[in-house]
Amino acid sequence: MNGDRYYHSLRRNILGIILAVSLLPLLMIAAIAGWQFHTAYRHKVVDHLSELVNNHARHIDTFLQEKLSDIQVLAAVHPVDRLKDEKFLGRLLILLQEKHGGVFVDLGLVDARGFQQAYAGPFQLTQARYTDAPWFQEALARPYTISDVFLGLRGLPHFIVAVRIGEGADAWVVRSTIDFVAFNRLVENLRIGRTGQAFIVNRQGEFQTRPNREPDLPPQELLAGLQPQKVSHDLPAVPAEGSVPGRVPGRAPSAPSDDVRPFWTERRVPETGRSLLVFSRPLKGGQWILFYLQDVQDAFSDLYRARRLSLGVLVLSALAVAGTAWTLSRRVVNRIIQVDREKEMMNEQVIEAGKLASIGELAAGIAHEINNPVAIMVEEAGWVEDLLGDLEKGEPLDVEEVRRSLSQIRTQGARCKEITHKLLSFARRTDPTVQQVQLNKLVQEVVGLVEQRAKYAGVRIRTHLTDGIPWVSMSPAEMQQVLLNLVNNALDAMEKTGGTLDITTRFEDGRVIVDVADTGEGIPPANLQRIFDPFFTTKPVGRGTGLGLSICYGIVKKMGGDITVNSAVGVGTAFHVYLPAGDGVERERAENPKEEEDGSNDGFAGG
Amino acid sequence: MATMGTHEAHPHAVDILLVDDERGFADVLRRRLGRRGIRVTTALSGTEGIQKLRDRRFHAAVLDLKMEDMDGIEVLKIFKRMDPDMPVIMLTGHGSEQAARDGMAHGAFDYLTKPCELEELLEKICQAVGRRR
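Going line by line, the protein sequences match chains G and Y. Note that UniProt numbering numbers the first sequence so that position 471 is 471, with each residue one more than the last. Note that UniProt numbering numbers the second sequence so that position 87 is 87, with each residue one more than the last.
Treat each hint with caution, since some may be false.
[Stated by the list, open to error] Within a straight-line C-alpha distance of at most 30 Å, the following computed DSSO-like cross-link-like pairs (lysine-lysine) qualify:
| no. | chain 1 | residue 1 | chain 2 | residue 2 |
| --- | --- | --- | --- | --- |
| 1 | Y | K52 | G | K496 |
| 2 | G | K496 | Y | K80 |
| 3 | G | K343 | G | K496 |
| 4 | G | K496 | Y | K77 |
The hints are simulated quantities; they were obtained by calculation from the structure and are not laboratory data.
Bound conformation, chain G alone (with noise of 0.2 Å):
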């Protein structure tokens, strides 16, 4: 039903608007709240990664430094000879293992030939040949060196921390092992989350520490989305304690040192699919690169479980506002319905009461044209009595005289059923649904109401009617009292004076118009525009209810059409009501399609 369309809409768009207003700022607040959040989170995260793994680094740097510098120290401070003396060598790594916890292995003197004169140390290395070891090629061109981790001459991964004395071929080389278990702990320390893992590789991807499992991007790959750095032979400076970085005089660092941030990136893992960060940071010079990584999901989890703890709210508020939104525009719509239903029941009240009061209006005219011949058959009644009386008297019977009198109360008598009839047929029609309807034959209809009423009025109506017409869709019922209003407005403007009331039918632009034009007094302008308000009557209290016009107003507009009105002070008045046309054509004179002339179709009333 279109009713049903419209409460459906109507429901529709209540439902969105509460929907939009409420849900659009929540889920633009969220959005916006849950951004920054995120993006302060993250930054919070990252920086404090960030700074442990430059920590760590900064403290690897400083492990390899101060290795370094302890046989620098010891190459410097003893000359070659007494190092050559194994049993020297062999205290000197006790004491140094003594102040360092077991990290130097061993420690050994190599000549320029690379071969190892002394050594002290658990294997048995001396006379060992260094000749070709890569470590050695690095020692020899450099003041000091720090070697990559490799397996070596003992098949155990370690590396060399080695220092030259001298130059040319009168060069020696000292050289120490770093325990790689030791080494290998600062970096393992570095263990944060359930995910996260850092190793040391060198520049060529090998690992200089041992990964506690294999990471989930070999490390080519992860160097392969480093930008391009120097490398320095050089160590970075480590500040003294408590100093203020870059203010430390010293080796001036030709590397990055501590101020290098750790480079960090996010990069996913093709096979499983989840995003890794990245945190690389240089060392030793940019010889190796410090890898920490770890799992996106466990760096930021307690991002996500916040979160997820604020999509639940949002959901569960959104479900709130929608079921809200739901219930209440049920609510509303309901109650518009049921206002809409009584508001009806209402019109049709209002409606049936206006028809009653035109019927009221019919009465007067019908009383009458019913009084005449109520009256004719009481008089022949009583006149038959009066020759019954001849008869008891003795007199002879008219008997031709009865039959007539007869004759004439049964002709009186159906003419009062006819009048009755003409009546009952206007008031019992109450269907207010909409039906095709013949609009000529609801105008004769009409007329015919009205017929002797005009008569005593002195009114002559003349009927315009066109053939061929639309039907029109409408309740016959509510029409019919719309067309009895009108023409009894119009009888009324012409009571004491008389005239004419011309009803013409036409067809035009896609509309049934219907004109009801009168001769009567006219309308003052003032009054014209007032005219369809409700209970605005200028008939004496009692008479008129100030009700019809604007009950014809509704009915009209219900049905989709409208109603106009043009009136002239002491010219008439003529109402056009124009309804939308319906399925079908009128066509009662089939064989007389062109439109009456003025004044041929009268006939309804009497001059």
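Given chain G's structure and the hints, the job is docking chain Y onto it.
This is chain Y only, laid out in the frame that chain G set:
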């Protein structure tokens, strides 16, 4: 169209003019009143009534107030001008008491609502004629 009653019961024949546009009513009333010694002249319209009154005089007139051609009140006014002494009894329909009051204001003798008892009408006619005499 002056018609004599069929029964001359009253010594002094009464002449009245009945103006009513219902022919059936006028005819039967003429017959019944005629039986009771009242000579009734019928007129089927206001105009005809005025013509009849112009021809001769009547003791009284019975006038229907609602007619097609002329308003009964108008006819009454003209009657009163033509023969101010002639009593006029008005017949009105139910619900037209206002018209009846108007008529009384314009000098009508009395009014009756239609349909009325013949006895009542006779009585009114006798009163009216009696006053005139």
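We went through each hint and held it up to the structure:
1. Y/K52 with G/K496: Distance of about 26 Å is within 30 Å: holds.
2. G/K496 with Y/K80: holds (21 Å)
3. G/K343 with G/K496: At roughly 39 Å apart (the allowed maximum being 30 Å), G/K496 and G/K343 break the hint.
4. G/K496 with Y/K77: holds (16 Å)
Violated hint: 3 only; the structure is consistent with all others.
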